[in-house]
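Let the sequences and hints guide you as you build the complete structure.
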Amino acid sequence: MSIRVRFAPSPTGALHIGGIRTALFNYLLAKKHGGTFILRIEDTDQTRYVEGAEQYIIDALKWCGIAPTEGVGFGDGPYTPYRQSDRFKQGVYQKYANELMDKGLAYFAFDTPQQLEAMRNTLQAEGAKNQSYSHATRMRDDLGLQNSLRLSAEETQSRISAGEPYVIRLKILENQTVTLTDIIRGEVTFNTNELDDKVLLKADGMPTYHLANIVDDYEMKISHVIRGEEWLPSAGHHVLIYRAFGWESVMPQFAHLPLILKPDGKGKLSKRDGAKFGFPVFPLEWNDADPTKSFDGFRSIGFDPRAVVNFLAMLGWNPGTEQEIFSLDELAALFSLEKIHKAGARFDYDKAKWFNQQYLHATSNEDLAAQLHPLSIERGYVVAQEKLAQFAGLMKERVQFLNDFLEKGYYFFEDVKEYDEVNVMKRWIRVSREKFNELISMMQTLDYSDPLSMEHATKEWINTTGLKMGEILPILRIALAGTMQGPAIFDMAAYFGKDETLRRLKRAFAEFDKWQSL
RNA sequence: GGCCCGUUCAUCUAUCGGUUAGGAUUCAAGAUUUUCAUUCUUGGCAGACGGGUUCGACUCCCGUACGGGCUACCA
-4 MSIRVRFAPS PTGALHIGGI RTALFNYLLA KKHGGTFILR IEDTDQTRYV EGAEQYIIDA
56 LKWCGIAPTE GVGFGDGPYT PYRQSDRFKQ GVYQKYANEL MDKGLAYFAF DTPQQLEAMR
116 NTLQAEGAKN QSYSHATRMR DDLGLQNSLR LSAEETQSRI SAGEPYVIRL KILENQTVTL
176 TDIIRGEVTF NTNELDDKVL LKADGMPTYH LANIVDDYEM KISHVIRGEE WLPSAGHHVL
236 IYRAFGWESV MPQFAHLPLI LKPDGKGKLS KRDGAKFGFP VFPLEWNDAD PTKSFDGFRS
296 IGFDPRAVVN FLAMLGWNPG TEQEIFSLDE LAALFSLEKI HKAGARFDYD KAKWFNQQYL
356 HATSNEDLAA QLHPLSIERG YVVAQEKLAQ FAGLMKERVQ FLNDFLEKGY YFFEDVKEYD
416 EVNVMKRWIR VSREKFNELI SMMQTLDYSD PLSMEHATKE WINTTGLKMG EILPILRIAL
476 AGTMQGPAIF DMAAYFGKDE TLRRLKRAFA EFDKWQSL
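Note that the working numbering gives residue 261 to position 266 of the first sequence, counting from 1, and the numbers run on in steps of one.
Calculated directly from the structure, the hints in this document are not laboratory data. Be careful, since some hints might not be right.
[As the list claims (entries may be wrong)] If you anchor each label on the Cβ, the simulated ranges turn out as follows:
| no. | residue 1 | residue 2 | range |
| --- | --- | --- | --- |
| 1 | Glu159 | Ser322 | 57 to 63 Å |
| 2 | Glu159 | Ala131 | 24 to 30 Å |
| 3 | Glu46 | Lys271 | 23 to 29 Å |
| 4 | Asp97 | Lys271 | 46 to 52 Å |
| 5 | Gln110 | Arg267 | 29 to 35 Å |
| 6 | Ser80 | Ser322 | 32 to 38 Å |
| 7 | Gly122 | Ala328 | 54 to 60 Å |
| 8 | Gly492 | Ala338 | 33 to 39 Å |
| 9 | Glu46 | Asp343 | 31 to 37 Å |
| 10 | Ala338 | Gly70 | 33 to 39 Å |
| 11 | Lys84 | Gln318 | 45 to 51 Å |
[Stated by the list, open to error] Derived pair list, reagent style BS3-like, types lysine-lysine, alpha-carbon separation capped at 27 Å:
| no. | residue 1 | residue 2 |
| --- | --- | --- |
| 12 | Lys263 | Lys57 |
| 13 | Lys337 | Lys261 |
| 14 | Lys57 | Lys261 |
Think of the CB as a built atom: it goes at the ideal place given N, C-alpha and C, for glycine as much as any other residue.
Here it is as structure tokens:
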């Protein structure tokens, strides 16, 4: 059997990383077996549609390197179209809803939202275990539900002819056991008495998730439904719908993924948590017309997409070895649904940062330079690619994200903006200005192509002058970089070369003189 | 409330009845770096609880507790 999976998000806003992980696991299964991975857009709720969300989903999958083999934004396949609003226009869902009506497995319901509300209130007052539209309530005369099961055929027909809005509900049979085998959780059982008569077709004619999802999975010959655990409670309904259509023998296998939880342990990760916890929960940045609704993503923070994918893959899954760093290809080769965890996994930003660092360190200076190039242009720096690579080599162990390089290492490309006054003055007043002049003279004689020899020569000079290392070296560092932190002094000096190094020393020393005279 | 799912260090996890319960992140200490970071070494930290089954349970079963999800004409 060929593996055919799909990722089926709703374009209701930016897709958060939980969605990315679901897409990733789908991608991995398809890739492992040479199967097909489809992106299907489930846009049947017009009220929640968000402009740009669909493009965001497409861009996010591309950035993560987990592009579907076909689907919206990724090319046609044999079962196009892949957007449910387009399929709706072809009459797909109406056709199947009618089929269920003809079989007597679904019915019309005219109840208004107010009537449904009244029903729930009545049921609650009765102390009923649940307040749903179900086999237990749909026929009760005292509840007065307006459905075609209670109404006469003539009345039903005349209401429809009169244009009264209606929905189509699934007619669930009483007291049956529905069992499904979930690849991750094993057997999950429901009693139909607990299941409500789900709306299949809404008053606006659009299908709900329950109908559209199943019809499309069937038509697209999906072999595995890999989705979040939030769908497990309605999986019983889904089996019943497959059964109603007579498709149970070709029903896909289910795998309900554990949820990604908030870092503080209260519920599943939600879209608002990024702002709340101060780290991204989205793959990409989102630029809203309303700036207060805009936010950063892993990409804009400067994460390597490979690190994001690696991190996400380890949330709820692992191959059973102690290896932690995996390429996408390795992940696909090792992946199996059976090894996915049952329990939810807490989002751990520290671990995400650690993954990023691992990838950063493993990236060559040349590749980093290429990634840094556009950022350097943004800042107005004119730097040769090889200098950028040299810079990347000096900075990459001192930085967490791509964006940190030019932020923390700005002084490589422009003058120092601020010198660490406290650390300078502690030493500056202890050493005479003549010595610093001698230092400059001495440094004119150094070989700037060889940091090691510069270091030896400078230390030797310090020894012969009777000064302490701690009186000179920090001054040198701050003169070049402005701060106590940063790469080795003579690596920086070698990067700058003789002229620039001496220029910086003179500029800094002049500044330090001014402080002393104050 | 009802239904469904779950429960190994603070966090991500290994263990598929017999282990000194392993690794990683975080944290702490030390070494290196006369900065910072990296790296390395060391340390601390776990089987929710109560019953069974068994020669033997983290592992299987039941119960309790706790956590999570769902309970819309949203997905």
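Violating hint indices (sorted, rising): 8, 14
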